[in-house]
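Undergrad: Next come the chains, spelled out residue by residue.
2 protein chains.
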Amino acid sequence: MTFRVTILGSGSALPTPRRNPSAHVLNVHEQFFLVDCGEGTQARLMSCGINPLKINAVFISHLHGDHVYGLFGLISTLGLTGRRTPLQIFAPRPFDEILAAHRRYFDTELPYEIRWNEVRTRRSELIYENKVLEVRSVPLRHRVPAAGFLFREKTPPLNVRKEAVARYGLGIAQCVAAKRGEDVALDSGETIPNGELTYLPYRGRSYAYLSDTLPSARAAGLVGGVDLLYHEATFAAGDKALARQTGHSTTVQAAQVAEKAGARRLLIGHFSSRYKDESLLVEEARGIFAAAEAAVEGASYEIPLKREP
Amino acid sequence: MTFRVTILGSGSALPTPRRNPSAHVLNVHEQFFLVDCGEGTQARLMSCGINPLKINAVFISHLHGDHVYGLFGLISTLGLTGRRTPLQIFAPRPFDEILAAHRRYFDTELPYEIRWNEVRTRRSELIYENKVLEVRSVPLRHRVPAAGFLFREKTPPLNVRKEAVARYGLGIAQCVAAKRGEDVALDSGETIPNGELTYLPYRGRSYAYLSDTLPSARAAGLVGGVDLLYHEATFAAGDKALARQTGHSTTVQAAQVAEKAGARRLLIGHFSSRYKDESLLVEEARGIFAAAEAAVEGASYEIPLKREP
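Sequence lines, in order, name chains A and B. Numbered per the working numbering, the first sequence spans residues 22 to 330. Numbered per the working numbering, the second sequence spans residues 22 to 330.
These aren't lab readings, by the way, just hints derived from the structure by calculation. Treat the hints with care, since some could be wrong.
Which copy? The list can't say, so a pair holds if one copy fits it or any two copies do.
[As the list claims (entries may be wrong)] Calculated lysine to any residue pairs in the SDA-like style (CA-CA distance at most 20 Å, straight line):
no., residue 1, residue 2
1, Lys281, Ile148
2, Lys281, Pro115
3, Lys183, Phe127
4, Lys183, Ala315
5, Lys183, Glu217
6, Lys281, Pro177
7, Lys200, Ala187
8, Lys297, Leu207
9, Lys297, Gly70
10, Lys327, Val165
11, Lys200, Asp117
12, Lys152, Glu130
13, Lys200, Val303
14, Lys297, Leu101
15, Lys281, Gln109
16, Lys152, Ala320
17, Lys75, Thr212
18, Lys183, Leu84
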């Protein structure tokens, strides 16, 4: 029951030997979701031991090169390695035009279909859902239309407690009702509250990706209670004016969003290449939000299963 | 007086952990020329210690992604790092349309100008020239219009031999005439042949890049006598039909081109990812052309100065 984020790239527009352009992979129960796709993403998937063919869907936050230039090589590689299942790509307009231009110019015959889904960047919407996961868009405030993403593992069905079955002598119909969350009336006339009969095997886990953006109280509200928040922190606290001007956040602002959101853990990244000592950036964030750390290239962040008592 | 080729990438369309997509850098007297620009080229420039700002011009052989997807990130990086001098890009049509579409979609304001120069792919032309170098296009035979490039260091002016000045008591006017390549008449009436008075400090060196292509006798003729030939060898000798079908060469065909051209040294690359043991490919090429070797990622190939006796 994996829920793991792997950082393929957490740099900003200017790549450095330390940080690659933006790309994360989320593994939810061995389904893989790519979030942004900067140049070199396919090579880093390989070096992180993730087969590109396993990717279920791609989510692009905005159409700046450092978040998307790796996508076209990846699309080609998926074709050459025999992908047949359609690839869903979630991205703001005019990604459809970019993709069409790309395919027109680059002699790309693909053995699979690309299904583009528009991400609207002004409102939050449920944009993707399957049995185990739902994904919501989170409007961001950047120089171009941009959206973050909230990935939320679905909470599984209730389990009936074995000891309750034994104690109350529950039949199949009563167990089914209990699993639906109902209180159960016994033959004796007594009604047993559902909470005594069932438990949640675990609570759904969550990960939010907010980059690139000015700090946004609205975004903080939309990702409330998130387990793992990745928030860009392009600038140090002292460079707030520069952050404002370029549509980015400072370390302190990222930490304030994490605090407002009630996040459990904060990863910061997308640092401007001007900062040689990133530990100072982390210190600034920790002054506001203790569970802050710098995203580490190639590292995986596992969110443990939250079992109910 | 450097003349050095650095292999940033020598893989084929499907990148592998061993080989990156195509990109070479030629350093001629500390002027840098980029040949093809597959995904990740800017990162590999950095890892090879070559400052991207030093690039004088870019030469693109053809518009397949594995030869060009790294260019847009590089263009952005040059802007962010303050390039002001125009960047010349030599590429076949419709590179101009691709670049225009790219700039329209990707919010790229650049502090420098990009000057596209069309490379015609049906005839060989002198496409670039400066004080120390000239570059000729070499028509190739691929699935899309493609051209290779022949980089030739210019032969420097003649030097006058000091011992000849002393022996014949040459004056300034006589030395100038000798430098122009003329025979010199002495006051005695005797005429001294130019060869006795002067020497070439060195002969111009050359490097040719032929990828992607079917084997071409015409191309071999155009790069006749080249010092260092890079020729694609996507397929093993036994997969000749596949090479023909996809517009590529085999190891043996690459070696035959080197032999026909009278090349001094052959680097092969662009190997299909299907071959796990590349040493077999090199052996096949060496059976025809002894001075064949596999291009090594990140390696530099220096062509020593050929001093005249």
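Undergrad: Evaluate each hint against the coordinates.
TA: So, going through the hints one by one against the coordinates:
With identical chains, the CA atoms of Lys281 and Ile148 are never at most 20 Å apart, being 24 Å at best within one copy and 60 Å at best between copies. Taking the shortest alpha-carbon separations for Lys281 and Pro115, neither the intra-copy value of 32 Å nor the inter-copy value of 50 Å comes in at or below 20 Å. Proximity of Lys183 and Phe127 under a CA criterion of 20 Å is satisfied in neither setting, with 60 Å inside one chain copy and 59 Å between copies. Taking the shortest alpha-carbon separations for Lys183 and Ala315, neither the intra-copy value of 44 Å nor the inter-copy value of 66 Å comes in at or below 20 Å.
When the C-alpha separation of Lys183 and Glu217 is checked against a cutoff of 20 Å, the pair qualifies only within one copy, where the shortest distance is 11 Å, while the shortest distance between copies is 107 Å. In this assembly of identical chains, Lys281 and Pro177 lie within 20 Å of each other by CA distance neither inside one copy nor across copies; the values are 27 Å within and 69 Å between. In this assembly of identical chains, the alpha carbons of Lys200 and Ala187 lie at most 20 Å apart only when taken from the same copy (16 Å versus 109 Å across copies). Taking the shortest Cα distances, Lys297 and Leu207 never come within 20 Å of each other, neither inside one copy (68 Å) nor across copies (68 Å).
For the identical chains of this complex, Lys297 and Gly70 are inter-copy neighbours only, at 18 Å across copies versus 29 Å inside a copy, given an alpha-carbon limit of 20 Å. In this homomeric assembly, Lys327 and Val165 never come within 20 Å of each other (Cα to Cα): the closest approach is 37 Å inside a single copy and 55 Å across copies. For a Cα distance limit of 20 Å, the shortest separation of Lys200 from Asp117 qualifies neither inside one copy, at 44 Å, nor across copies, at 63 Å. Proximity of Lys152 to Glu130 under the C-alpha cut-off of 20 Å is found in neither arrangement, the shortest distances being 32 Å within a copy and 43 Å between copies.
Neither within a single protomer nor between protomers do Lys200 and Val303 lie at most 20 Å apart by alpha-carbon distance, with minima of 45 Å and 66 Å respectively. Taking the shortest alpha-carbon separations for Lys297 and Leu101, only the inter-copy value of 17 Å comes in at or below 20 Å, while the best intra-copy value is 39 Å. For the homomeric pair Lys281 and Gln109, neither the shortest alpha-carbon distance inside one copy (32 Å) nor that between copies (50 Å) is at most 20 Å. In this assembly of identical chains, Lys152 and Ala320 lie within 20 Å of each other by CA distance neither inside one copy nor across copies; the values are 27 Å within and 49 Å between.
When the C-alpha separation of Lys75 and Thr212 is checked against a cutoff of 20 Å, the pair qualifies neither within a copy, at 48 Å, nor between copies, at 80 Å. In the homo-oligomer, the alpha carbons of Lys183 and Leu84 never lie at most 20 Å apart, since the shortest distance is 52 Å inside one protomer and 65 Å across protomers.
When held up to the earlier numbered hints, the structure conflicts with 1, 2, 3, 4, 6, 8, 10, 11, 12, 13, 15, 16, 17 and 18 and fits the remainder.
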